[in-house]
Amino acid sequence: MMRDHEYSRFQPKSYNTRMPIFWWIRKWAHIKFIARELTSVPIALYAIVLLIHIRAVATGPEAYADFLAVLRTPISIALHAVAFLCVIFHSITWFNLAPKALVIRLGRRRLPGALIAASNYVAWIIFSATIAWIFLKW
Amino acid sequence: MDFPEVVKTEMKRNVEPFWWSLFGAGGAIAALILPVLLFLNGLAIPLGWIEAPSYDHLFTLVKLPLARLFLFVVISFSLFHWAHRFRFTLYDGLQLKHLDKLIALLCYGSAIIITIAAAYTTLSI
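Note that the protein sequences, when read in sequence, are chains V and R.
Position in the first sequence counted from 1, then plus 7, gives you our numbering.
Position in the second sequence counted from 1, then plus 616, gives you our numbering.
Quick caveat, the hints were computed from the structure, so don't treat them as lab data.
A hint or two may mislead.
[To be verified] Chain V regions said to be covered by chain R (calculated; three or more residues, Cβ under 8 angstroms): (1) 62-70; (2) 114-124.
[Claimed, not checked] What the simulated footprint calls covered on chain V by chain R, stretch by stretch (three residues with Cβ under 8 angstroms from a Cβ of chain R suffice, anywhere in the stretch; the number is not a length): (3) 28-37; (4) 74-81; (5) 96-104; (6) 128-134.
For clarity, every value in this text was computed on a predicted model and none was experimentally measured.
Glycine included, every Cβ here is placed at the ideal spot set by N, Cα and C.
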């Protein structure tokens with residue numbers, strides 16, 4: 008019996024069944040759930056890479072050139088490829104879940120979920136195109 | 617300070633929506649902004665598909681207050697998104713609920729520290 012728990016306001020002690028660590032590995036839906044939650048790890052790591060990138064630009068042309076050289080290494084490209092898949096998975100699952108979290112009413116009618124999801128994808132395209140344009144061409 | 621257990625639980629409950637709203641905002645910002653940045657900087661430019669922008673161009677961009685604010689917001693909110701989500705992944709996925717205080721401290725703490733670093737960097741350019 009585990010008696011050292013403190014979060015038992017609504018859980019009688021006798022109700023604490025121990026779950027195995029890999030409880031989620033048996034079902035595809037559960038694996039997908041854990042994968043979706045874990046996309047937050049590459050997101051945080053990329054936020055840090057972005058910060059290093061900005062620091063390199065702020066430091067000077069040599070530091071920027073050095074940073075670009077690091078980005079060209081095969082390890083960096085492989086890691087970015089994996090991170091890119093994770094980030095895309097995050098975007099898609101996030102946009103598709105948004106209609107469930109967000110209820111918008113127009114008068115008495117509820118705005119259909121597909122419309123909310125679709126507007127997310129449109130916003131995604133607009134943001135991506137604008138950022139790419141400012142970053143590369145402007 | 618030592619509060620009674622009921623008060624502590626109540627305080628915890630009041631702070632949860634705050635972390636959740638950071639998680640939500642960060643999730644949306646990361647979903648909209650990170651893929652294009654990661655694709656361009658991590659893949660397209662290093663692989664030579666697209667020519668890298670010149671140093672002068674990037675330096676001009678990074679000097680703009682609005683660009684700096686944008687980068688700070690993207691970095692910081694992405695980190696708080698991670699902190700909240702990863703915290704509950706550890707709770708539920710790895711069944712570590714008994715370490716909740718330590719995990720919350722490490723997750724939100726590292727997000728706060730890197731946010732301070734990001735604020736310092738973006739302000740001092």
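Taking the hints in turn, this is what the structure says about them:
1. 62-70: Result for this restraint: holds, n = 4.
2. 114-124: violated (count 0)
3. 28-37: holds (count 3)
4. 74-81: Per the Cβ count (3), the hint holds.
5. 96-104: holds (count 4)
6. 128-134: With 3 residues in contact (Cβ-Cβ under 8 angstroms with chain R), the coverage given for the segment 128-134 of chain V holds.
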